[in-house]
Amino acid sequence: MSQILTGLGVGLNAVVAEVFQVAAPKPLPAWAKSNAGVSAETESLKSAISSVASDLDSLAAKSDETSAEIFEALKYLLEDESLFDMAVVHLDEGWSAGAGYGMAVNEFAEMLAGDAAFEERIADLQDISKRVQASIAGIHMGLDLPSSGSFVIVGEDFSPADTAQFTPAVVGVITSKGGPTSHTAIICRSRSIPAVVSVTSATGIPAGTSVLVDPVGDRVVVGGTLADATKALTFTNTGRDPLVEVRANIGSLEDASAAAKTGAVGVGLFRTELLYLNESSQPSVERQRDLYASILAAAPAGPITVRTIDAGSDKPVPFLNMPEEENPALGVRGYRLIQDHRSFIEDQLKGLEAARLVTGREIWVMAPMISTVAEAAEFAALARRSGTFKVGVMVETPSIAALLPDLAGVVDFVSVGTNDLSQYLFAADRMNPSLGALLNPWQPGLIRTLERIASQAKEVGIYSSVCGESASDPAFAVLLAGLGFDSISSSRSQVDAVRAALSAVTREQAELLAQAVLSAKSAEDTKNAAVAALSAL
Amino acid sequence: MSTFESQVEVIDPIGLHARPASQIVKLVKDSGVTVLIGRVGENLVKANSPLMLMAMKVKTGETLAVSVESEDEAAAAALVAEIQELLRG
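Residue numbers (my numbering), protein chains in the order written: chain A, 1 to 537; chain B, 1 to 89.
Worth flagging that the hints you see were computed from the coordinates, not collected in a lab.
Possibly wrong hints are sitting among the right ones.
In silico lysine-lysine, PhoX-like type, Cα no more than 20 Å apart, as pairs [to be verified]:
no. : chain 1 : residue 1 : chain 2 : residue 2
1   : B       : K26       : B       : K46
2   : B       : K57       : A       : K315
3   : A       : K130      : A       : K26
4   : B       : K46       : A       : K315
5   : B       : K46       : B       : K29
6   : B       : K59       : B       : K46
Label-pair ranges, simulated between beta-carbon atoms [said to hold, decoys possible]:
no. : chain 1 : residue 1 : chain 2 : residue 2 : range
7   : A       : R191      : B       : K26       : 46 to 54 Å
8   : A       : A116      : B       : G41       : 25 to 33 Å
9   : A       : E72       : B       : E42       : 25 to 33 Å
10  : A       : E65       : B       : K46       : 27 to 35 Å
11  : B       : K46       : A       : S39       : 20 to 28 Å
Not everything, but these chain B residues come out facing chain A in the computed CB check (under 8 Å) [what the hints assert, rightly or not]:
no. : residue
12  : T34
13  : G38
14  : P50
15  : L51
Glycine is no exception: its CB is placed at the ideal position from the N, C-alpha and C atoms.
Put together the whole structure using the sequences plus the hints.
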């Protein structure tokens, strides 16, 4: 009998192997005062630092270049002189070596806090702090992965220092936390290691049990065999036109040229912030015109949907003053920047209009992070004054999703950003590794919201599109077409796969699939309903 | 011991982050001289700790004072020029 554990799959290949549980290290001792005296504690700290340094060196020596850099960076923090001096201050106060070092790390972490550029360094510092305290307490911290054989390794989540220790014996990975964009998921995808993340009960699978890691099925089957693996859906190209137009997402000239080699009809999302992140001062309208003209000229034939700047204090543009915020995802970002930077957004639209005149391309413009009809109307008026565009807004906030009918006569189109819509709909931070399951696009709460957006847009005659990550999944793309969206926009590498899926189904089949999905009650059931409908074709 | 005073500008789009901070500390340590860095008019910190440099949270476009304790003005000026290079990003 086999037991099935669900999660979020990473990759397309399945694997069967024995489970290797990565044990959580023993808890570190509580911070305490020392009986040994200041000089003994100082010596103990020094020797722990040099022992951790040599551990990091030996890890670096065993890993590839990228991983070696990670250990190198950790070592810099470990051997920081001020950090050591600060720890010694606490030793002088009578604290033991581990406590003094932990306190000093916390003080630096506090000094660096609140700045997105340092978030990863703070995590690194705490990693170092644990290693030093463990070394003093004689607690072993290594992952101790087997170097031969084949294992599926299981743990809560893996840090960069952890994944850098993956040996060739790691043929599959299961984590109990972490979402589709966690560090573990990214590393497994890039190394083609089959993985399922966010499997709540994963750490309970006994070591040595044989499991099937089935990423396409978003599940782990305890005792399963490769014959049980879910087959990736394949669609044969029928040569028909896809059910709805498939556009491409781009952010640079390179993307535009690559997208032009696919079957994409135009661009459904041109992320413009990349053009500004490396500029130290606000570029002139002429410079913007030239930047845009080169990209517009290279983009695939069809309309090009340009999103005005979508920056915030977590991805700041150097020449715009963006003060730090407690909660950047809920802060002054996207169109809200108009409060302080109206002239910048006006110049961006002027630059685009000038580029439109140079290239003769059809341009649609849309604003991100719109939450009221008044904001939509203000943007539409601004855009229409600035040039000849079709004008739209992104639907990312639950508030604007609730107001769709009121956008009639205000905008020509809407485009749904499913990544941010999920984040705001579920109140689940995209950066939080514990919340990955809520951000699964197959969540019924997201799908039913999408259904309402598509049908209300249709009723009032607004063109609707989806440009989030979810639209790059062929099965999800068929669902979106069945829900009534007029076009979708996929990442350029997925355009042709999505086109193949959308040309393999009829409108009636897509609508039946959508109905089946809408009646399902969980993220597993919605996806299963879609896969079942597609497999039956 | 005389001191050579100069200024540098942070051009790196992410500000004075971990990588340039570590590179500056390595450069200063290799040079063997004492270097202080900080915002103009504020207390300068000894450039022997990447964490202290990072903790100033210096942003793109800010100007920093650099003070080099050295008799050799030409060598000090060259060191400041190298620090400026590291702040270009």
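Open item on the list: Please check whether E72(A) and E42(B) have a Cβ separation lying inside 25 to 33 Å.
Closed with: Cβ of E72(A) to Cβ of E42(B): about 31 Å, so the range 25 to 33 Å holds.
Task: Distance restraint between K59(B) and K46(B), which requires alpha-carbon spacing of 20 Å or less - done: At roughly 19 Å apart (the allowed maximum being 20 Å), K46(B) and K59(B) satisfy the hint.
Task: Hint check: 8 Å Cβ-Cβ cutoff, T34(B) to chain A - done: It is violated, given that the least Cβ distance between T34(B) and chain A is near 12 Å, above 8 Å.
TODO: Given the hint that K130(A) pairs with K26(A), test it: the Cα-Cα distance must not exceed 20 Å.
DONE: This hinted pair holds, its Cα atoms lying about 11 Å apart.
- [ ] State, for the Cβ atoms of E65(A) and K46(B), whether the hinted interval 27 to 35 Å holds or is violated.
- [x] Distance hint for E65(A), K46(B) holds at roughly 32 Å.
Open item on the list: Check whether the Cα positions of K57(B) and K315(A) lie no farther apart than 20 Å.
Closed with: 16 Å, holds
Task: Given pair status - K315(A), K46(B), alpha carbons within 20 Å - done: Not OK: K46(B) and K315(A) at ~30 Å, beyond 20 Å, violated.
Task: Cβ distance range 46 to 54 Å for R191(A) and K26(B), holds or violated - done: 31 Å, violated
Open item on the list: Min Cβ distance, P50(B) to chain A: is it shorter than 8 Å?
Closed with: It holds, given that the least Cβ distance between P50(B) and chain A is near 6 Å, below 8 Å.
Open item on the list: 25 to 33 Å was suggested as the range; check whether the CB atoms of A116(A) and G41(B) agree with it.
Closed with: Given a distance of about 27 Å, which is inside 25 to 33 Å, the answer is holds.
Open item on the list: Check the hint pairing K26(B) with K46(B) against an upper bound of 20 Å on the C-alpha distance.
Closed with: Between K26(B) and K46(B) the Cα gap is close to 13 Å, so the pair holds against 20 Å.
TODO: Would you mind confirming whether the straight-line C-alpha gap from K46(B) to K29(B) stays at or under 20 Å?
DONE: Holds: K46(B) and K29(B) sit about 11 Å apart, inside 20 Å.
When the structure is compared with the earlier hints, violations turn up for hints 4, 7, 12, 13 and for no others.
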